[in-house]
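Residue numbers (our numbering), protein chains in the order written: chain A, 1 to 133; chain B, 134 to 707; chain C, 708 to 934; chain D, 935 to 1268.
Please note that the accuracy of each hint is not assured.
With a Cα cut of at most 16 Å, we get these calculated EDC-like pairs of lysine to aspartate or glutamate [claimed, not checked]:
(1) D:Lys1265 / D:Asp1209
(2) D:Lys999 / B:Glu684
(3) A:Lys118 / D:Glu1082
(4) D:Lys1076 / A:Asp112
(5) D:Lys1268 / D:Glu1168
(6) A:Lys52 / C:Glu771
(7) D:Lys1073 / D:Glu1145
Just so you know, the hints here were simulated from the structure itself, not pulled from any lab data.
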Amino acid sequence: MSAVAHEKGESGNTRGAVRAYAAPSLFYVAVFVGLAALTALTVLQSTFDLGKLNMLLGVGIATLKALLVLGFFMHLAWDNKFYAYIVVTAIFFVGVFYTYTTNDTEKRGLRDPDQSGKILPATGAPAPGGFSP
Amino acid sequence: MAAITTAPGYHEEVDPNASYLENKKGLLSWLFTLDHKRIGVMYLLSVIIAFTLGGLFALLMRAELLTRGRTLMDADTYNKMFSLHGVIMVFLFLIPAIPASLGNILLPIQLGAKDVAFPRLNLLSYYIYVFGACFGIYSMIHGGVDTGWTFYTPYSTSDPAHGGVGSSSAVIPMTLAVLVLGFSSVLTGVNFIATIHKMRAPGLSWRRLSLFAWSLYATAIIQILATPVLAITFLLLTLERFLGIGIFDPRLGGDPVLYQHFFWFYSHPAVYIMIVPGMGIVSDLIATFSRREPFGYMAIAMSSIALALLGFLVWGHHLFVAGMSEYATMVFSALTFLVAIPSGVKVFNWIATLYKGSISLQSPMLWALSFIFLFTIGGLTGLFLGMLAVDVHLHDTYFVVAHFHYVMVGGTVMGFFGGLHYWWPKFTGRLYDEKWAVAGWFFVFVGFNVTFLVQFLLGSRGMPRRYYDYLPQYESLHQISTVGSWILGLGFLILAAMFVRSLFSGKPAPRNPWGSAAYEWLTPSPPPTFNFAKDPVFERGPYDYQVATDEELYDGFDDPLFPEKGVAEGEARA
Amino acid sequence: MSMEATAAEHDGYARPKWLAHHFYTPAQQFNTAKLGMWLFIAQEILFFGALFVAYGVYRNWYPEMFKLASHQLDKTLGAANTLVLLFSSLMAALAVSAAQKGKRMATGTYLLVTIACACVFLAIKFVEYKHKVDLGLLPGTHFEPNLPHGVPSLPANSGSFFALYFLMTGLHALHVLVGIGVLTWIWIRNLRGAFSKENYTAVFVAALYWHFVDIVWIYLFPALYLI
Amino acid sequence: MMQPQASSWQLPPAMADTAAPMDGAFHFIFWFSVVFAVLVIAVTLLFIQKYRRQKSDQRSGKAEKGAPTPSRNKLEILWTVVPTLFIIVLFHVGFSAYIHNVTAAEGATEIRVFAKKWSWEFEYGGGARSPDLHLEVNKPYKLILSSEDVIHSFFIPEFRVKRDAVPGQYSFVAFTPTAVGEAHVFCAEYCGTNHSAMLAKVFVEEPAKHEEFLASFGRKPKLCGTPPVECTEEKWGESLFTEKACFTCHGTGGDGKLGGSPSPGPKLAGIFGHDQPLQDGSTVHVDENYVRESILKPNAKIVAGYANVQMPPFAGSFTDDQLEAVIAYIKSLK
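Kindly generate the complete structure, drawing on both the sequences and the hints.
Below is the structure:
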């Protein structure tokens, strides 16, 4: 038998045929209903003003919806783990970019208000070259 | 062209034994080729043209700095010279050079595959590269850019035509050029990861992957994860200059330091896109020319991956004095030091490979050894710049210019030319003249060191970079550096003449001129269109010199270093 | 002898027409195509991720301005757009499962409905953009708001919010447009009978891309509309 | 003004308290790197020489091979852990020196530094700005930086200080000059055509001399011009004209040219008393008020043909009598 097969889960008789799990159609519709419900939830949640929590809840619900689409519509749940690792790595690096950038932007002027502040504390004069409406 | 509907990527009739250069003739067979080797050769040609153009700008710049005040050109032209030198060298030469040219030619052969995973995507990425280069040429025709290759805002985005304070040069075509070039790099990355994962021949486990392939894998990871942020940054830059959306321009409520975060989040991993393939080539060269399995194979492979991942955490060391908060400078300085560890591990392992090897100082090996020496100096001076107190003094001075030239020219260019010498017989089927090669290497090595060693001194004495004119105390060092650049230019001229001469009158190359056990030397040179006459199955690793048979390693060719006898019949034997 | 014959004789079975020359087996071709698309999606995550980073930084700097400016966006239209895209994602998933079962007619109709939903999405997007342009809520230098009276006036640097709004939704709309192009091309190939139970790679990969475009909107909607 | 001697062949003279910590860190890492580089290069050259391939394959009829490679995980761990320890030490040395250099001393005298395209200006609290930085030795200073157009970077090699002056935000450098003498300010961030001409002089003076400077700053000096001659209104105007780097854009010759090439700014010679055509088509009669307004708010009336040349505003750069002197000088140009 030719030493051809190097795809994992390759059984001899179907000669490397393509096999991907296909869920019943009703399952996809159920996933869609879940997504629609979550959309309604997130719109509802935005009407209450929970301060900082608002953003976290918004991102949380959006992540739940994204996981539904990724897991079932994009077959990640029934597929080789490697594809999931790719997505996780990509999101991890967006996280790295966001955390280190905000580590700078949020802490400017914390040690000494004269450092990278937009207003000079002593005189209150806005920095030249800046935004003037 | 392939049949449209039913069979994607179906190749026309091809004689499996004819070499990929002979099996189809004519310009069209090159312009619409799907063969990774031909695409690699086209990339190689374009990349060398870009290198020549960039080198020309460098020589003009150094000539201008020969004396104080105006020597050749006025301030504006000089500013455009260093900006175009930067943009061409970084985006048109260093980033595509090794992965897209040598990587495209060699990777499928080293994996025992017929072609890369997506041949049409490969051709598309070449044409996107050419399309991007056209934008660059358009900008050069219209006066080029004078913002430096970093395009810092608000100088680059505040267009005087809209009442701004910035540069009035042709910035938008150049930023579009870089935006488009980024996609070519991303598509190459996608292609290489899919190829390395799915196209390996039977018997080629991950532990039998060549170290060059490992480095291309690490580079592809960076290309995929970093280049999109470059695309977004330059899209925002172009729109801000063109339409005035206020993201980076402080006049419109934006923040220029945020631009530096966006730019360097791509550009620091980009310097690892440039250096890691060079390291991969050096690992292969050291293994071949000391005829020994590389010491710590897994350590070298994993440090490529470590470099790729750590490369994403250190971009802040470009912003130490840019107005970043001290909390961020502290974190970035610590992480910058961390990134020196994998490079150190690689250098130690290369040196350990030389121990008890059978070292032959043929021309490719000379390039690999100079990579070790110069990259060590380049890496260590990087530590200077990672150290906070020292970076405050050295930032944006000639010390930084010397550092990145030691890493880029001393590293990537040495690796690129080492790889070019090493695989030249394989993909052109011609041997080059060893004496000319050693002469070329000598002039390049000496010229480079004379040019850039003094620049460390210039920098530590406080000479800022990108200066058209300078104070009297820096004049003598600038003159030494300019003379050095002439020697460097001469060296590259010698190499160019040698390679052109070898194309026309070089001796036909045997299958394995260097006696290497790597897979690419099992197939004749130049290789057939599908790389191997019959689908290969590998029983040994690429560096198993103990297992490799003598017949595989040595086929009676005339050893360029000791040419006592005439040439043995050099025609290829499968 | 032709390439076709050597490969067939080599593998000991008739190579299907749609199997590219450099692949050994159909499974290898399918998995390679899928891996290629997932890598492209990883790149797209970074692409939109960078914009979300800019959004995060500016929102931390000017939370009040973002809140006021975001109230100019129409939540109902945004929610409607979300449902339209989610439904089109469902249609794409059903198109793939139909293609897996070899039902060519069903695949065709599902693809058509997906394309239709995408066009509806773009139409709603156009309405929203027109409304913003009329009110002068444009990015950066072009920000001259002429809001109807009674609406609280916007802080001066709201141009940044609308710059991010137009950029993020504009780039997303561009991806929807590309998605329409890709799905139409797949629909044409399906009409010509290029796909079967064994060969539905193109449909699967196109659907992957489309689902990703939907995920981007899933994050865009709460970020921009629901502050 | 005698010049302090350079502290080492690599570094410029040390003239401030921020220099010592930096020099220490620099020399520490320099010698660490030299030892490390010499070690690497020496061992490589030794191995090359010792394990050189003796006979070519061709004469020996077979390929001479290197020894089989052992796998030494312990060695790998060793040369990962040891460099990690080294870099922890390096980071500590660097960071502690850095924190000392960026902390402003209590009660430091504040000087406002204005960066604009291609010149520095220093304001000593009193409104008038001088193109030179005058400092008193052994007195802590805190320079508040700001830029009016693009990013510049305030860099004094002799003090080892550098900080970007970013438009739209303030930043500061803090130091205490320790040696009397002259130093110079560079712009270290690329900012356009005359980025390399954007220099300023730093005078570290004895307390007495510094008091004298502060007292006479902004008023007409007894001698001005080079060679210094008795100061008339026009002469003082001319020295201010060169001090404020107006010559980088405005030619003072009859043809208005600048070193042979057309000057970025409009012609100044012989314009008084004539009508000047403007960009928006109207014309203005050139008198003191027009020249004063054009200096303070250049974009108010733009000369025809100079639409996209952005002359930075000089409001606040001159005291009133300095402005009078400059106008008198321009008037004297024929």
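Against the structure, the hints:
1. D:Lys1265 / D:Asp1209: holds (14 Å)
2. D:Lys999 / B:Glu684: holds (13 Å)
3. A:Lys118 / D:Glu1082: holds (13 Å)
4. D:Lys1076 / A:Asp112: With a Cα-Cα distance of about 12 Å, the restraint between Lys1076 (chain D) and Asp112 (chain A) holds, given a limit of 16 Å.
5. D:Lys1268 / D:Glu1168: It holds: about 13 Å lies between the C-alpha atoms, which stays within 16 Å.
6. A:Lys52 / C:Glu771: holds (13 Å)
7. D:Lys1073 / D:Glu1145: holds (13 Å)
When the structure is compared with the earlier hints, no violation turns up for any of them.
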